[in-house]
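Since the structure of chain A is already known, use the hints to place chain B on it.
2 protein chains.
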Amino acid sequence: MKYGVAIFPSKELQDKANSYRKRYDPHYALIPPHLTIKGPFEATDTEIKTIVEMLEQIASNSNPFTLKVLKVSSFQPVNNTIYFKVELTPELEQLNEALNSKVLLEADAEYSFVPHITIGQQLSDDEHSDVFSQLTMSNVTQEEKVNRFHLLYQLENGSWTVYETFILGDE
Amino acid sequence: MKYGVAIFPSKELQDKANSYRKRYDPHYALIPPHLTIKGPFEATDTEIKTIVEMLEQIASNSNPFTLKVLKVSSFQPVNNTIYFKVELTPELEQLNEALNSKVLLEADAEYSFVPHITIGQQLSDDEHSDVFSQLTMSNVTQEEKVNRFHLLYQLENGSWTVYETFILGDE
Chain A
69 MKYGVAIFPS KELQDKANSY RKRYDPHYAL IPPHLTIKGP FEATDTEIKT IVEMLEQIAS
129 NSNPFTLKVL KVSSFQPVNN TIYFKVELTP ELEQLNEALN SKVLLEADAE YSFVPHITIG
189 QQLSDDEHSD VFSQLTMSNV TQEEKVNRFH LLYQLENGSW TVYETFILGD E
Chain B
69 MKYGVAIFPS KELQDKANSY RKRYDPHYAL IPPHLTIKGP FEATDTEIKT IVEMLEQIAS
129 NSNPFTLKVL KVSSFQPVNN TIYFKVELTP ELEQLNEALN SKVLLEADAE YSFVPHITIG
189 QQLSDDEHSD VFSQLTMSNV TQEEKVNRFH LLYQLENGSW TVYETFILGD E
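Same order as they appear, the protein sequences are chains A and B.
Under our numbering, the first residue of the first sequence is numbered 69, with each subsequent residue one higher.
Under our numbering, the first residue of the second sequence is numbered 69, with each subsequent residue one higher.
No lab work stands behind these hints: they were computed from the structure.
Certain hints may be false.
Here are some, though not all, of the chain A residues that point toward chain B, as calculated from beta-carbon distances under 7 Å [what the hints assert, rightly or not]:
id, residue
1, Asn86
2, Pro100
3, Thr233
Using N, Cα and C, we set each Cβ at its ideal position, and we do this for glycine too.
The shape of chain A in the complex, shown without the other chains (with noise of 0.2 Å):
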């Protein structure tokens, strides 16, 4: 089965991000707005067991902090996906970090993490430019507490569930 690691920000936050990806993100119906923190890995029902112990281990370990939205950013030259760009603090850096750095959680190591929420994704070129030029005018910064993350799992349709919520500092 297909596992992936995600933030579902506030219900405001996620509303500004649906007022966009509604119109510009085809996987708006597929998943929540969210901050993926691990993208998607395979995982056996045995593995999962093992990996939500892990969860727990560095959720408790982890402490509650502060999301920071800085602005709207994109991908472009690498792709045509346009997000809220994310504040890295270490606490999203050393989340990230223990994420990838376990065994049965296949490293992303090639590449560095952006913390971002999409906006929009799969654009063409002229549509890019557009709502790029467009929302960049605007003013999205927003501060908010994050004290929990979840493990969801993909459905044969693309969709995500939640398998389970991790508290952060949750002893």
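Structure of chain B alone, referenced to chain A:
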């Protein structure tokens, strides 16, 4: 904010439900296939903290149980919702009662609890007869273990995000 409490069945059962929901359920994109154990209710940020504590207690006082899908049923003549009928086990009944007996969670006392996984709704009368007569011929019986439920909240677009997972019998 609007909250609800639900069980997500196994990936296998969700995939099966989605094969129908895709065509027959306008809520297909808003939430994964689920069994509602506490329908939508309003709670403030303060109230939800107390509710989370209650849910933790209810979960730890409950035991994992077997979810049995019995057959395809319909709520006609009340409405044109078609669903996988789930056996009302003592565990499910107790869970539903616990969630509805607590003061903050406004009891749904006027309805009797019919555990189900919706696979079609808002169908016209003709669609309903067609689909229902087709589906009653297919064998949908299935049994699986349930050891968790989830508290969800609703976004402005009508979709649901998981707030927290509660493990049954987890002390």
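Structure-based check of each hint:
With its C-beta approaching chain B no nearer than about 5 Å, Asn86 of chain A sits inside the 7 Å limit, and its interface hint holds. Evaluation of the Pro100 of chain A hint against chain B yields a held restraint, the C-beta minimum of about 4 Å falling below 7 Å. Checking Thr233 of chain A against chain B by beta carbon gives a least distance of about 4 Å; that is within 7 Å, so the hint holds.
Every hint from the earlier list agrees with this structure, and none is contradicted.
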